[in-house]
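2 protein chains.
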Amino acid sequence: MRDLSRDLGHLSLNGATVRERWDLGQIIEGCVRHGIPGIAPWRDQLQALGVAEGARRIRDAGLSVSGYCRGGMFPAVDEAGLRAAIADNLRAIDEAAAIGAQCLVILGGGMSPGSKDLPLARRQARDGLAAILPHARAAGVPLAIEPLHPMYAADRCCISTLKQANDFCEELNPRGERGLGVAIDVYHLFWDPELEAEVERAGAAGRILAFHVCDWLVPTRDMLLDRGMMGDGVIDIPHIRGLVEATGYDGLIEVEIFSRDDWWKRDPEEVLRIVAERYRTVV
Amino acid sequence: MRDLSRDLGHLSLNGATVRERWDLGQIIEGCVRHGIPGIAPWRDQLQALGVAEGARRIRDAGLSVSGYCRGGMFPAVDEAGLRAAIADNLRAIDEAAAIGAQCLVILGGGMSPGSKDLPLARRQARDGLAAILPHARAAGVPLAIEPLHPMYAADRCCISTLKQANDFCEELNPRGERGLGVAIDVYHLFWDPELEAEVERAGAAGRILAFHVCDWLVPTRDMLLDRGMMGDGVIDIPHIRGLVEATGYDGLIEVEIFSRDDWWKRDPEEVLRIVAERYRTVV
Chain A
9 MRDLSRDLGH LSLNGATVRE RWDLGQIIEG CVRHGIPGIA PWRDQLQALG VAEGARRIRD
69 AGLSVSGYCR GGMFPAVDEA GLRAAIADNL RAIDEAAAIG AQCLVILGGG MSPGSKDLPL
129 ARRQARDGLA AILPHARAAG VPLAIEPLHP MYAADRCCIS TLKQANDFCE ELNPRGERGL
189 GVAIDVYHLF WDPELEAEVE RAGAAGRILA FHVCDWLVPT RDMLLDRGMM GDGVIDIPHI
249 RGLVEATGYD GLIEVEIFSR DDWWKRDPEE VLRIVAERYR TVV
Chain B
9 MRDLSRDLGH LSLNGATVRE RWDLGQIIEG CVRHGIPGIA PWRDQLQALG VAEGARRIRD
69 AGLSVSGYCR GGMFPAVDEA GLRAAIADNL RAIDEAAAIG AQCLVILGGG MSPGSKDLPL
129 ARRQARDGLA AILPHARAAG VPLAIEPLHP MYAADRCCIS TLKQANDFCE ELNPRGERGL
189 GVAIDVYHLF WDPELEAEVE RAGAAGRILA FHVCDWLVPT RDMLLDRGMM GDGVIDIPHI
249 RGLVEATGYD GLIEVEIFSR DDWWKRDPEE VLRIVAERYR TVV
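Protein chains in written order, with our numbering: chain A, 9 to 291; chain B, 9 to 291.
Derived by calculation from the structure, the hints in this document are not laboratory data. Ideal Cβ positions, reconstructed from N, Cα and C, are used throughout, including at glycine. There could be a bad hint or two in this list.
Unchecked claim - Covered stretches of chain A (in silico footprint by chain B; criterion: 3 or more residues with CB under 8 Å from a CB of chain B, positions within the stretch not fixed):
no. : stretch
1   : 116-125
2   : 155-164
3   : 192-200
4   : 223-229
Bound conformation, chain A alone (with noise of 0.2 Å):
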């Protein structure tokens, strides 16, 4: 398991961190100045700042990007829908590859309004990653499926378990070409009992793309917007990464805190000096 403590080697930012009160161009400089050598745009903020302006920012700053956030989202009311949908993954990839992005994240999606077809938004979903997915290999773009926590099964990612996306994988990727894989989050995944298993699996086959931390709050007063700094949870972050590194895993870990009444109100300058404290104390 690597040293943390030494220095932030490792260390990626994910934008959604400090998004609220800072735009690309903000995250770029703070991460430059605290010494942090990755990123994880969000598409929206890289839109804003025009794709060409803000992968050259990127690359001045020396900045790796441990992922692109986000693609995926398929399951559509109609065959237009889905059509939009792949439409709108295909330039993702190519914002991702602009910007030399390791991976572009990829979530399931929820089950379509109205519908209470779980199995069917799967299904959707596998499709809507099969067209995607050549494009992607193409452009040297691999993309990351990334399980969410089951509360979001309903209506935001239909793939909830870390055996789910290795199982996705397989069937997409029957021969481990690279090109496809999965993100470790440690908020989505920490519950499960069958991480462990999960994450060798994953490992094995070289397919984990990306690690993201925080933590879980006890109480979590939001389902969505209430994560916590890492350290001020109950997850054992330590013995997640743990799992991931034996693996082989020598990628960035990257930070990424939706936090709409704490972390969002504060400084980032604050932020990202916590982050970088975390990070080398209780990752």
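Keeping the supplied structure of chain A fixed, place chain B upon it in accordance with the hints.
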């Protein structure tokens, strides 16, 4: 699959659904008035009425008791805490026996305050169950392990999937004796891609002791107290009921709705009328 449209013969009302406005005596009378043949009381309400008096009223009303809420919650900070939890569960078993409950609902409990060790909580839950199982068998009260949604894993129930509950049953009850089984609640389990296989597994072992329904609202505004009335959410309840009944389950269907800002605010007469209507039409 049973036809529920003709009468209320398999309906049970979990007291939590109307407990903000009615005590247990009123709930018993309400069930009788609405032709609901089953009830699932909570401990505090039964104790407030008096166990013997509550048992007498339930018997006189001719109600079946689909379950008693609830036992478990074993993880504790120290040995004394664990002993106290076990002693409390033994009393719960006696109370359940006094009212003729078909099972005592068991929650695993969350992690002890300050702990980040979910596997430890699971071992404590297993050990607690093992400690009370002989008394439950002697009292003729089966223990129904109820997996709760993974969003409660940290602080309420470390048993998050039906697979875990099945595994617990097999570990604690290797020869398949009576006395230990599972409670299946659509709210907690609808998201699980393994649900079909695990319902079959539980049914094949004759261990489905209870079946609970309500609905998952989109959006869900509170993790604990925003459950929906059947039909108002996104759960395909008939599909899950079909899985359960295909195993031969012929027991009661218990309606359990925690809804601080909606159903708990309504007149319980209206709530029971709508529970009965939805039972006949969308369950």
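Quick rundown of the hints versus the structure:
no.	hint	in the structure
1	116-125	holds (count 5)
2	155-164	holds (count 6)
3	192-200	holds (count 3)
4	223-229	holds (count 4)
In the structure shown, no violation is registered for any of the earlier numbered hints.
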